[in-house]
Amino acid sequence: MTLTTQKPRFLFSTRFFVSIISFIGCAVIYSLRINFSVALVCMIDHKAVANLSKTENSTKAPPECQRTIVESTAAPVEGNLVWDKKSQGMLLGAFFWGYLATQILGGLMAQRFGGTKILAVNVFVSILVTFLTPVSTEVGFYATYFLRVLLGFVQGVTFPAFHTFWSVWSPPLERSILTSISYAGCQVGNLITLPLSSMLCRYGFSGGWPSIFYVLGIFGAFWLILWLFYVSDSPSSHRFISDKEKHHIVQSLAHQTGDTSRSSNISTPWRAIVTSVPIYAIFVAHFAADWATYTILTCLPTFLKDVLQMDIEQLGFLSALPYVAYFLCINISGFIADFLRSKDVLSTVNTRKLMLAIALLSQAIFLLAAGYCSCGQEYLVIAFLTLGVGLSGFQYAGVLVNYMDVAPRFAGTILGIGNTISCFSGILSAFAMGILTPEGTRQQWLSMFWLTATILIVGTIIYVIFAQGEIQEWAVIKSSEQEMKYLTRSENDHYSKDQVPVTFDSKSERFSS
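Converting from the sequence shown to our numbering requires adding 982 to each position, the first position being numbered 1.
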C-alpha cells in the first residue's frame, strides 16, 4: 500500500495530551480503589475487636531478629465499627470478586461501544460508590461489602478498555510510550493516595476517615469532566486534533485496525484466539508477572515483620522508594522500547522479549537477594526491593503492550482474558504463602521466594520461545473502500509537494520510501 506521510511532533500533540489525561485517570481510578485499605484502619474500634479474641497463637517460632520497637507519640486513631479480622479480610477481598467478573466483559464492551465511554461509566459509578461508602458503614457490614464488590465490578473494565482505546489512538512505533505514560498513573495514585488518606484519617473533616472518600470522590469528578470534554474514542472523531496528526495516526494503523467506525460490527475470532500459541505465551508471562506483583504487595510486609522484625512505617519515605522506581521504570522502558524499534536496533518481538526478561528476571534475582538478608540489613532489603519492584516496570513495554502488537482490534478482549487468568495468581500466591510459611521462619519464607523466582523464570522462558511481535493473520481487519480513498487521497490535502510516497511494511511496522 502506497501512502504519503510526515510524522507530526509527539510532544504537546493531541495524543500526548490524551496520554497525560489517561495518566491522571489511572491515578484517579487507583485512588478510588485503594483508599478503603487506609480508611478501614481508621474506622475500626481496634480495642473492641481485640477483646473479641483474647487468645494469641503461641505456636509461632520466636523471631530470629530482635528489634526495639519505638512507640509512636501520636495517639492511635480509633473508629466505632466493631468488625473482626475475618470481616475486615472479607471487605478487602470483596473488590477482587467483582473485579474478576468484568475482565472479559470489559474488553467486549469497549470493543463495541468504545473505550472512552466505558471508562467514563467506570469512573462515574466509582465516584458514586466512593461517596456512598461512609453512609454504607452506618447501614451495616453487608451494605459496605456490596459497594466494594460493585466497585470491583465496574473497575474490572479499566485495563481492557484502555487497551481498546490505545489500539486506535497509538501509532505502532509510539505504542510503548503512550501506554506506559497512561499506566504509570496507577503507581502515582498509590503514592499519593496512601499518605493523603493517612493524613485525612487523622486531620480530615466529617470525623476524619469519611473525608478520605469525599476528597478523592470530588477529585475524580473533576477528572471525569475533563475526560468527557477532551477525549474521544478515535482520532477521527476528536474535535481538537489537527488534520495532519489525525491522518498520521489513522494511516499508521490502517493495516491493523481497519475502519474504526465499524468496530461494533466486527465479530471476535474466538477460535483463533484460544488456539493461538503467541496468545498463550502472553498469558503465561502475564500470570508470572502478576504472581510476583501480588507476592510483593501481600507477602513481603509479612516477611519483613516475621523474619526481620521490621516496622515499615519506621522507615518513613523509604517504604515508597520501590514504587517511585516502578513509576520511573515504566516510563523509561516505554522510551527505550520505542527507540529500539524506531531505530531498527531490535524488531518488535525481540524488543518485547528483552523488556519482559528484564522485568521478570530482575524480580527473581532481587527477591531472592532480599530473602537472604540477615538481621541488621533492613536498608539492604529496601535497596533490593527498590531494584526488583522498579525494574519490574519494564513489563509494561513488554508483555502488556504485546496484546496490541498481535491483535490490536481485539486487544481489550484478549487482555480481559489475560487479566482474568492473572487475577488467580493473587489468590494462589496468598494460598501458597499460608501453606509454605506456617510459622514464618526464614527458611519457610525462602521456599516461598524460590517458588516465585521459579515461576518468573519459567514464564520468561516460555515467552521468549513462543512470543511474536507482528499482527496475527486472524486479527487483520480489512479496510473499507471509503477509508482507503481517505488514506490515499491527494497529498495536497495535508502535505507539501516535497513529500514522497512511502510503503508500509506490516512486519516491521515501519514506513519506507
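Please keep in mind that the hints were generated in silico from the structure rather than gathered at the bench.
Small disclaimer: the values here were computed from a predicted structure and weren't measured.
Cβ coordinates follow ideal geometry from the N, Cα and C atoms, glycine included.
A couple of the hints might just be wrong.
[Said to hold, decoys possible] Restraint-style ranges between C-beta atoms, simulated for each label pair:
(1) I1443 <-> R1094: 31 to 39 angstroms
(2) F992 <-> K1029: 30 to 38 angstroms
(3) A1203 <-> I1447: 44 to 52 angstroms
(4) E1421 <-> L1208: 47 to 55 angstroms
(5) V1327 <-> S1188: 52 to 60 angstroms
(6) S1219 <-> F1123: 43 to 51 angstroms
Quiz item: Which of the numbered hints are not met once you compare them with the structure shown?
Solution: 2
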